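Asker: If you read the sequences in order, they're chains A and B. If you count by the working numbering, then the first sequence holds residues 621 to 1055, one letter each, in order. If you count by the working numbering, then the second sequence holds residues 112 to 368, one letter each, in order.
I should point out that these hints are in silico values taken from the structure, not numbers from a laboratory. Please read all numbers here as calculations on a predicted model, not as lab measurements. Mixed in with the good hints there might be a few duds.
Facing chain A, a subset of chain B residues (Cβ under 8 Å, in silico) [what the hints assert, rightly or not]:
no.: 1; residue: Arg156
no.: 2; residue: Ala183
no.: 3; residue: Glu190
no.: 4; residue: Trp194
no.: 5; residue: Pro196
no.: 6; residue: Asp225
no.: 7; residue: Thr314
no.: 8; residue: His315
no.: 9; residue: Ser316
no.: 10; residue: Met334
In this text, a Cβ means the ideal position worked out from N, Cα and C, and glycines have one as well.
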Amino acid sequence: MAFEENRIIKTTNGDPIRIGKLIGSGGQGDVYIVDFKGQKKALKWYRKFAVDKDKFRKNLIENVRRGRPDPAFLWPEAVTEEVDGSYGYIMDLRPEGYHELSQIILGKVNFPSFKPMVEAAIHIVNAFRIIHGIGYSYQDLNDGGFFVNPKNGDLLICDCDNVSGNNTDLGIIGKPRYMAPEIVKGQARPNLLTDRFSMAIILFLLLLHTHPLEGQKWIDYPQEERFTRKLYGEEACFIFDPTDNSNQATKISSANALKYWPQLPQYLKDIFLKSFSKEAISTPTKRPADVEFVRVLTRFRSDIVTCLTPKCGHELFIRGTNDTECPYCKKTFDVRTIFRLAEYPVVAAKGSKIFRCQLGVCNAKDALDPVVRVAQKTNPDGTVKLMIQNISGGNLNCVDTKGQSRVVPHEGLIPLKKGIKISAYGHDFMIDDIG
Amino acid sequence: MSVEFEPIARKVLPIIYVIDTSGSMRGDKIASVNEAMVETVDVLREVSRENADADVKIGAITFSSGAEWVTANGLESLEDFVWNPVTEGGVTDLGAALKELSVKLSRSAFLKSDTGFAVPVIMFLSDGGPTDNWKKEYAAAMGNNWFKHARKIAIAIGADAKEDVLAQVTGNIESVIRVDDVATLKKLVVVLTATASKIGTQTHSSDAGNVDKQIVDDTMEQMGGTDARVETAPENQPKPVEEDAVSGGDDTDEDDW
Ligand SMILES: Nc1ncnc2c1ncn2[C@@H]1O[C@H](COP(=O)(O)OP(=O)(O)O)[C@@H](O)[C@H]1O
Ligand SMILES: [Zn+2]
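Full structure from sequences and hints, please.
Answerer: So, in structure tokens, the structure goes:
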């Protein structure tokens, strides 16, 4: 059924909801703008139930009760009463500037640079790390469930109606092309480990605009149930599987991956090779943990720099501190200054940023708190230089090159100079020169 | 500078209309089919732009005395496709249309693409009963895997439409939707198209069942209540074609797809 504008319905608590315009329709339902408690919100109204309606409703009410695990989720805030045998739930509206991931994958919306793209990826894994950490699984990861702001990589996750305790069977199995192989084969129902597989697909699609399981076989097979069962299930095989080339990347199916994969740093290739290895495909417990993705992607973000060759200016990925050649102008990217973190060095170039999770182990909620960034400062005489800026929100304790302790307030600047030590969240890191 | 990617590769999803243009379609019926098709093309264009899972293309064939492709050069991309009104006149050679489908749904004819195809959706619209040897052509068409596995749905227009024939062609009486007035017909074509073209882009549930049935159910649900004259054909209609006619031929060979 469709609602008329201005119709009033009630939540389970009896709070009124005034229906506004229809925003869009999906597979299961319609989404309306509504007035709720003096605010504009979104109402998702189910047109039909392919699953157990009462069980689904109970789960939804439980999600409302437990509350939003992280601001990244467009979480159910209230469930409505039943009207004509159906119901819906209230969530925040998607703000301006956010686009469905499917539109990004289609190339209709582009990121201005790789950094926000990688930040969006980081936000995805961190959000899943958070819900997995509290015992939930999302169950239906697909390109329609993510809203991304391409300008800054901000992310919102919608369709949180399926989110439920790990291994709870609501009857949802997921969207074709995004389901884990064991679900496709009918051997499992959505759970934490199937979420991980789907998440790896989403990340690969986001970063490389290519589906990781759609290579030569994808071209050979028609898109029909018996074949998709093989492609995404029985015969699932990574397009870059080093042990099996039966489904290898082709120019037609995988043009973007063929272009960018060779440019990726090895640690990033490794996590995808692990996620889509034969072993991880057949044995779900072998899939990389969410936190491994957080580590790898935050490191990758640090390794995206802009080529300094005049007139080139392309972004490139550092693959080693002194041997990265710009794929466009072929000059070696000259790394001078680095942050020496406990696990790996980070190039100190314009736009570099250090997140809390890069300093050492921390919990998911704090993982993406920024610590410092490298910013360009313009001197009174018009010359420019790179400086480190404290963006941690509090004071940073530093030791300068002469051994003097200094306290740098939020937004305060620190010179980019070898020998300076910065302490944050109980971890130290040094500024160093290379070579 | 922005991050430059090639457009992602997509399978082509053919949506094919098989339209009865016999003399009995004269007047309101053919007019609403034409109006519906104009709107349908807009809907499909929108879907093909938004759909990250498939690249929707349109095909159309009319049948009266013989059959003729509207899209004579093969499946058309929606970006620059315009619906030119079709006209009626002649008898109801459904068999001729089936024969064309069977010939053209082939990698050597309409199904040429680097990325390959998704199972076609074929929609039949008819207001009468066949006048040629459609059974023979149907049996032949079922030897074509694309036709055989296509999601076949039929709209039976008015009381003279042969629902039993359409049930056999689609393989299922539940895939035949009867409609008795032209306003509903027009809306139905559009809603059915929108639903069928988004199939495969949606979340599945564990007991989803048959896809053709889902398309019909979803469509009926969206048409819902607005007009009681839309009905799926009642159960007491003749049974669909016998098992062996449907499952003829070995279909496990991927190469002949
Ligand atoms: N919270 C929201 N704010 C604004 N638009 C939304 C919101 N949630 C969903 N939408 C939009 O409404 C449409 C239908 O969404 P939905 O029913 O979730 O689709 P599906 O069932 O295909 O996942 C989509 O275009 C989606 O982008
Ligand atoms: Zn360069």
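Asker: For the hint on His315(B), just tell me whether its beta-carbon gets within less than 8 Å of chain A.
Answerer: Holds, because the Cβ-Cβ distance from His315(B) to chain A comes to roughly 5 Å (cut-off 8 Å).
Asker: Does the closest beta carbon of chain A sit nearer than 8 Å to the beta carbon of Pro196(B)?
Answerer: violated, 29 Å
Asker: Do the numbers back the hint for Met334(B), that is, is its least Cβ distance to chain A under 8 Å?
Answerer: violated, 11 Å
Asker: Holds or violated: the hint that Thr314(B) contacts chain A, with Cβ atoms closer than 8 Å.
Answerer: Result: holds, 5 Å to nearest chain A Cβ.
Asker: Closer than 8 Å between Cβ atoms is the bar; does Trp194(B) clear it against chain A? Give me holds or violated.
Answerer: violated, 24 Å
Asker: Going by Cβ atoms only, is Glu190(B) closer than 8 Å to chain A?
Answerer: violated, 14 Å
Asker: Is the interface hint satisfied for Arg156(B)? The criterion is a beta-carbon contact with chain A at less than 8 Å.
Answerer: With a minimum Cβ separation of about 14 Å from chain A (threshold 8 Å), the hint on Arg156(B) is violated.
Asker: Holds or violated: the hint that Ser316(B) contacts chain A, with Cβ atoms closer than 8 Å.
Answerer: Holds. Min distance 4 Å.
Asker: Checking hints one by one. Is Ala183(B) an interface residue toward chain A, by the C-beta closer than 8 Å rule?
Answerer: violated, 24 Å
Asker: Does Asp225(B) pass the interface hint, meaning its C-beta sits closer than 8 Å to a C-beta of chain A?
Answerer: holds, 5 Å
When each numbered hint is compared with the structure, violations occur for hints 1, 2, 3, 4, 5, 10.
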